[in-house]
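Below are the chains, spelled out letter by letter.
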Amino acid sequence: MRTPTVLFQITAIGKHPRALEATVTSVLYWLRRTPRLGFRYRLWLVVEPEGFGMSPDVYAKLERAGAEVFVVPPGYRTPLGTKGKARALEYASEQRRRVGLSVPWVWVYHQDEETCVGQDTLAGISEFVRDGRSLVGAGIILYPLDWMGTPSHVQELTRSYDDLRVLDSMTKPGNPTAGFHGSHFLVRADVEDSVGWDSKGYSPSEDLTFEIRVRARYGPVFGVLKGFAYEKGAFSLRDQLRQRRRWMHGVVHAVVHSPELPLRRRLTVAYSALSWASALPSVLVLLASVALRYGPLLIVTSVFTGFIWTSMVLAYVEGNRLHAKYVARPISLPRFVVNGLVGALIDVVAPWYAFVTRPTLSDFIPKDRPASSSAGAARAPSPVVPFDRAFGRSSAQGRGAAALGTSDG
Amino acid sequence: MSARGSASPDRPTPPRRKRAGLDEATSPRGSESRAQSDPGRSIEAGGADVTGAPTPRDGDLGDSVPRSDSDALVSTDSDVLREIELIQSELAGQRSGPTLGRPAAGAPSSTEPRGSDRDSGADPRWGKPSPYLDERLNVARTVAARLAQEADRVERSLSGLKEDLETIDRELGHASDELEFVRSNERAGDALDDELPTETRVSSPIPSLPPSGSFPDFTVARYNATVSALHGRRRSLGWGTVVMAVGISALLLILTLRANEPIPATWLAVLPLVWMVPVPFFLAAFRGTQRVLKENRLELREDS
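Protein chains in written order, with the working numbering: chain A, 1 to 409; chain B, 410 to 713.
Label pairs and their in silico Cβ distance ranges:
hint, chain 1, residue 1, chain 2, residue 2, range
1, B, Asp561, A, Glu63, 55 to 63 angstroms
2, A, Val356, B, Val679, 22 to 30 angstroms
3, B, Pro689, A, Tyr353, 19 to 27 angstroms
4, B, Val651, A, Arg97, 46 to 54 angstroms
5, A, Lys200, B, Ile663, 50 to 58 angstroms
6, B, His640, A, Arg130, 17 to 25 angstroms
7, B, Glu670, A, Leu80, 53 to 61 angstroms
8, A, Arg329, B, Val655, 35 to 43 angstroms
9, B, Val651, A, Leu292, 28 to 36 angstroms
10, A, Arg266, B, Asn669, 42 to 50 angstroms
11, B, Arg491, A, Arg130, 56 to 64 angstroms
12, A, Glu63, B, Ser566, 47 to 55 angstroms
13, B, Ala668, A, Arg266, 37 to 45 angstroms
14, A, Gly38, B, Ala659, 48 to 56 angstroms
If you are wondering where the hints come from, they were derived from the structure by calculation, not from laboratory data.
This structure is a prediction, so every number in the text was calculated from the model and none was measured.
Glycine included, C-beta positions come from ideal geometry on N, C-alpha and C.
Bound conformation, chain A alone:
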């Protein structure tokens, strides 16, 4: 039996060289320091010309360190003319086929430019490829990099806990709650290349489309990938809003423009989008109930209101606990609550913002920490009581606002 090869593929525009460098370095660092890895590796950087042109020195250094850099040619066009990240992914797929890497013993681990790996990530990948029973695997993503405790960062905590829902949904036939990732997923190269990333025009949810295609062609071949991946949240509320808008555009695009989507699956994806979109009306109804005094509505809704509220709070609490060993500077409880509410508000508004705006290729948010934030982060440690300790083990339990949406991308 051949030793599996894992192709670490970082697909990005490439305009954030510091994040990219940290990602590459994390891979090479842990490859050297993780014993008994059951795979060979290759490391591909697939970037756009504009990103490459910004920091050729960084790319040269990464190449010397062992990465293989692929710049998507400006004139490259897929058969269906897809754009954005899907185009770069399709280009990488073509390169794999060209050099004979599109075979069953090669696995592709997909990373965004800020997806750092740890020893656990590599150990999880090794276990997954040695097992070989599933063709695609995804795992839990944490967001400890450049953590500053801002509202958008606090909001990201809920995504990590929501990943447990994603893992369950993904491994069930039909993926009932539409869970998948655009990074930190592993797929066998021949499977990926047989399905491809090409689609008509701009596909803002290339990951969801890909998951739908794989499931349609290969069935429920998804498994849980052990080990975390480590990313960073949006640096500002504006970035958070743009990122969420892109997700919602992606879901809508998948529902409307994915001919390979079976009706049942189309309904579940549409329902996921609807449940996310219902957050804003729910808040408005609540406010109206208080202001206009039609409280009897709560007789109907109160049965489940407690459950939803609890679930939302639980996502923050457990998300924070998942990050407790990774976030060096925890924030105070009051600040945590306030920032959580602000971050949740952005998530509530985002789908409607998406409905009234058009998809754009510029919705990819910065991943290099702004210089001003960096200086601020270097200042004295903020606060104070670790949130985990403040809440204790028997804290409020519930599910977070992130569950309103998908965790895609």
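Model the placement of chain B on the given structure of chain A, informed by the hints.
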């Protein structure tokens, strides 16, 4: 018929040293030793006489050369048999003539062209054939036949050995690839080490687990501690959620009933539906989270 002639040019080329040793071990020493112990009756010389082909020299890998060690043995045995047949036929012819027999003391040397002997028929220098010659020839024939059988057996063994050799060749090739791969990674890693801060150049997992947001601290131990704690909380998370949900809902219900507010207009009655939309999603998420924590121990082996 040199043993080295058995080296097949179309066989995958193994590492030289290993290959040479194995060739020596499996070469048909019998034929060589026979030739050396009976210099006056060299099989090679006989073979050359019979076939008329030049005797291959070291390194001469022409088509006339058998392509494997077993072929060489079989060919040698065939030569012996042919030689015996020739001698027998010659003797039979001489027995019918008056002058055929064993060479006397002044018999011509084996270097003299024997073709001329055959052409000339009976040689007066040959004496009367031994009365035991037939018997000896029969014994020789039997031995030669046994030798042929042995050669077959050796051939079969050699073919198995050949497969083993090919396996070794293949594995040596893989090992060579692995070595090259490891060396290249070492080089890449060395280059990387120059870029890393000193404190990150560690080769063992970090024993303590202070919170950290940089990748050198993202160890399996830290991961396992996190997911184990999550697993440990699974039941309390489940029951805690149910208790809290019931408590909050009950409180809201009580507050609503005690408020004694007027029932809203009918059109407002649809508003609860908005609230209900995400309920199935949240229920599925709750169940899924519990299920994944129950079914899938996320821990990794510490030594992996």
